[in-house]
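*Asks:* Taken in sequence, the protein lines are chains A and B. Position in the first sequence (first residue = 1) + 1 = this note's numbering. Counted from 1, the second sequence has number 244 at position 258 by this note's numbering; the numbering is strictly sequential.
Possibly wrong hints are sitting among the right ones.
Here are a few chain A residues that face chain B, going by a calculated C-beta distance under 7 Å [to be verified]:
hint, residue
1, SER173
2, TYR174
3, LEU176
4, PRO237
5, PRO274
6, ASN314
7, MET356
8, VAL358
9, ARG359
Quick caveat, the hints were computed from the structure, so don't treat them as lab data. Predicted model, so just to flag it, every value in this text is computed and none were measured. Using N, Cα and C, we set each Cβ at its ideal position, and we do this for glycine too.
Each chain, letter by letter, is given below.
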Amino acid sequence: MRIRAERDDLADVLARAGRAVGTRSPLPILQGVLCEVEGSRLRVTGTDTDITIRTTLEVEALEDGRTVIPAKLAAEAVRKLPAGAVSMTAADGEVEITGNGPRFRLRELNVDDFPKLPEGSEGVSLSVDGASFTSALSQVGVAASGDEARPTLTGVLFEGEGDTMRLVATDSYRLAVRDMPDIAGTEPTLVPFRALRELGRALGEGAMDVVLGDRDANFATDRGSLSVRIIEANFPNYRQLLPESYPNRLVVSKTSLLDAVGRASLVAEDHIPVRLNLHDGGIELSVTRQEVGEETEHIEAEYQGEELTIAFNTRYLTDGVSAVASDEIVLETSDPLKPGLISGVNDEAFRYLLMPVRL
Amino acid sequence: MIDGMASSRTAAVLHCDLDAFYASVEQQKRPELRGKPIAVGGGVVLAASYEARAFGVRSAMPVGRARRMCPSLIVVDGSFSDYLDISDRIFDICRDFTPLVEQISIDEAFLDVSGATHLFGEPGTIGAEIRHRVRDETGLAISIGVASTKFLAKVGSQVAKPDGMIVVDPATEIEFLHALPTRLIWGVGPVTERKLAEMGITTIGQLAATERNVISKRMGRGAGGHLHALAWNKDPRRVRREHRAGSVGAQRAFGGDHRDPEFHRQVIFGLADRIGSRLRKKDRAGRTVSVRVRFSDQQVVSRATTLVAPVATTAAIAQIAEHLVAVAITEAAEGRGLSLIGISISKLVVSPHLQLELPLETDGAGGITRAGSLHDLERTALDAAVDQLRDRFGKETVAKASSMLRGTRGVPDEFGDLAIPVSER
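Just chain B, same shape as in the assembly (with noise of 0.2 Å):
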């Protein structure tokens, strides 16, 4: 791991921040979108375009009352893999100015320009060089701050938002933050945005000003202190470039409170058929499989397996997930259903050499878990065949019966990734 070396008392870490940027993809992708209120998504809004947004389409909206509030919408299905790739270009431009990025989101990402200055000029010019150059190589905005911390630059890029640079001075950076008010801290959503408002408190720099007991006395002795310090703008975290991917993993958001264990399975067999391709096109496979559920309630329980070879079938990994699932459940459950299933899959090898199985035909279901099985080998040579129909005729062409069957449109189930860290993609 690279940190970055900056001094807390110059301003050299940037906050990108692409402006609703699916939304903006979209529009770059049809011209005829442009300057009109779009939604990408499908039951419920992805993104919004800021023509859309001025209606009070927010994220996460069902579709059905984003078109009662905005009536003009126009809702369109996103393309996950052109965003990627547009996100990775666009942090690509990013290192073209620093090896220090940390992408955090798709749309998102740190960078520590401290030794790039003598190079490139002041670090609101390497701002300002990579606004214009994204716009150039790919017509979409990207909003930066640039100030002293990450939590900060964050803060900034928020405020110069839409398509806007904000260089936080940090002579003049607390009088800055604390005239802001205390939901644009990080971490800091509508629940603790009222109950610091109930404490009279709405800008950051109430907070700042009332003892730290008090806050936590309110918030939570860790997260008291936590506001507390970020209010001051003491944010210790540096910037750290991203590690290749030592994992790969998805998860799926399905909101409610989901018991049945028939629509677990679907909902695994999808997110392990996304890892499994992912894997098998970076010629990957791992050995720990892990799964986190949420429950109603929004408890989050996590479980894990580690076997003895490396795999990356989709059957493999939907079929372990589903037994840690249903331990999950079992142990931690206590009645309640399921409202997330995240997967993901670690401690990876590259074209992995495969120790075959003797062909003993000694056990049912149980070989697909174990690499070089006759199992395996079978749903190696099924995958690899989907993996080449899709690759050739798109990733509609084929997929597990239930799944097609099941029809129904909602969320597509590759947005979920976007809630992962990128590293873990």
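Next comes chain A alone, as it looks inside the complex (with noise of 0.2 Å):
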């Protein structure tokens, strides 16, 4: 395998590739990326065997042929290389780096090694923008678990409402849920967030093609694609908990909201919740921390409704509040231990339902 190509292109190709590449891999195959060279085709797969990302780049091929070097060493070497025109060639169980001087020799690993990949999977296709997908995904992932001891809620959930695409994720302590209207929904897919997180990064945000499958779901721009094992678990009935309407709705400004919780958050560490008095003034929030002292300060809000004293975890609470697209947000609530809903004014697309912290 023998190719030229720009530094900054090929620097990308493997870094993207590489976002796959597990840091802590008990196979040291899968700390690497393959290279593939076909016609003027550069193609560079990372791995770590439940997510993969393919990357290609048109490159001046002097020879066709297969490697695979170490991703996070090449991608680097790459990228320190003066600027300019790149060679990289594989032979004899090296490949060799070398742009305006400098000259890498990396040990190859075995190109028979690497696991063999499907390509592509059978399934519901679906054309997204990927600007408005990633961040609805952003939006709806704070929730996700990362909680590897269960697996069925460190996914996203893709699904049909009606003739819309429902995005919903949930660690159990909040749910978010994003409906996308401009997109046909799907049967039930759980997506685990882990690869969802990268598409961005990996695949830009150009027009994506989403393919969900029965056992892969697929996601390719014309910068490369991701492909991610789904998650084989029912989500949990997440409907029950999205009552109708709720008693008491608050209404206040986003920013203000954030920063009295930033500033409460200061005193609050230790999963010390704020607590919220909402009356027909506003918002008293206060928090103490036997050791360390209090805050307190009052928030010009809307209310409508009994008042009410309930407690958030402050992360929680600003993770929701934060993915809230408008300017204004809503609280609404029923009880100090139920559920409290976060949205947007006029905005029904994003929800974001946070349990309480009892006191």
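Please dock the two separately framed chains into a single complex, following the hints provided.
*Replies:* Structure representation (structure tokens):
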């Protein structure tokens, strides 16, 4: 295998494919990326066997061939070469990377050890706008769990709701729902958020094809593709948690609430919740940490309902409020021990249900 | 941690040791038992009165054997909570003299009175006053050793027993110590005593006179050096005031070689029940659960796990502990059975805020170990009901069906606590 390409282009395809490479993989071969040259096309594949990212680049191909090179090292080596053309040659168990003087000779990994990966998958195919899709994913993704002991909760549910696509995630403390009315729905499919988080950086934000199959989900743009094994489990029944209406409704400026919770967080480490006393005149916010001190403040807000004091984990509250797109947020509540619902004013597309902290 | 400032050349360390504690408490409570050989325990003697000891009855002895040795033996059930109360009262008396009280078990404590002498007089005077007040206020006898080190103070109280006090003058402490048998050294049990005897060493003086290397060769370098240092009263440990309880634990030694998971489960549940109810009584919950298991050949192995949020339900503690015991067995048992299981819970928080979970019903029993889950809330309510019933109608009112049906009465579980340092109880 022998190619020549622009430094920045080559560094980019190596680094993006390398995002799928796990930092602590038990198999040495999975620390590498597979580089394949055919015609004038270089294809780079990185995988941790659950997530696979493929990137492609038009190159000056002097000799076709395949090699596996250490992902992080090769990408960094290319990136640190002087600007301009870079050539990469694989022969006799070594890969030589040179450009304008410096020369790396890196040990090749055994190309035959690289796992055989499925190419694409069958299933419902959707076309989405990459930018709005990745932003919708990041809105619900805050609620996805990172706890591998509860795999079902580490995924984002894709499902049809009428003629819209709905994305749902929950870590059991909060639940985020995002409706995308401009996309057709699908059969319920649970996709690891760990993979979805990479979409923007791995594939860019152009037009994206989404294929949800029985075993894998595939995402592709003109810059490459990402495929991931779906989570084969039933997502919990979340619909029963979203009541039609709430007795109490608060409308408050997103920034004033975020700023106030930010100040409260200075005091509220260690899972200490922030208390919100909701009443006609607005919010009395307070946080007390026994050995440290307290913070209190008043926040202007519109409130309709019974006076109520409810407490939330500051991080979970911040996550939900930040994810709302509008400048004004709505907080609906019914009871200090029942979940509150956060959404944007005149924005039904995103809802964030947050369980309170019992004092 | 506050350390004692006792200089090594003044005798200001007191070791206070209650005499035949449980048996004496029972004799205090029931005057008809006074002067008679009694034993506290169920299947096994937990404590014997001095009258029973005269017949050779010792703690840890099966009751049947004790009865054969002493046909007039009266065996009584213990009442652990009484013992804890009285123990607290007695060591509170000690705290009237110095804040530096290090309680090492239910019936023993070290005191450093070096900062108290200007108020209360010489250490020996303080010791005498403590003995007087304990006798006056509880009717119990407490023996006291006063010396320059913890080690020698403990030796002193052993020599002083029963119902006595010894003040070891630093000027003559080595002579005093060297005349004593090696078994009075803290940590010298029958096995070590025999090993030393095989080397011709029966007194502490002989031990002191033997080259350290010679002892180390026989006993191992660490143990050898340690023994040799003690024989010269070299003991740098200071009296430390204990922290507020940073953990709550309990253990149960059942002896033998138990492999039946159902038996382990019952022991674990019993321990979890006690730890849970104590945590809840103190309005605490903990994030780290540790287990200690002892295999049939005495080897001890520990495993621990730390949770995201603190738990206090019996069910959560039991489930996590059962898992950890299973891990310990899988990783280290190599075919051996268990003779002891201990559980402790640490990283405690007071009246924890509880992040509730959405009622998702995602998982089966797994939710029990997650604070704030539906399962956890159910278990919390259940525990609260059980705690309340027990408070009103007594400890035996409610228990898990399997533990009630078991029906065998061995050593009451709560006595397992006695093997655990006070700060962890």
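*Asks:* Next, verify each hint and record whether it holds.
*Replies:* How the hints compare with the structure:
no.	hint	verdict
1	SER173	holds (5 Å)
2	TYR174	holds (6 Å)
3	LEU176	holds (6 Å)
4	PRO237	holds (4 Å)
5	PRO274	holds (5 Å)
6	ASN314	holds (6 Å)
7	MET356	holds (5 Å)
8	VAL358	holds (5 Å)
9	ARG359	holds (4 Å)
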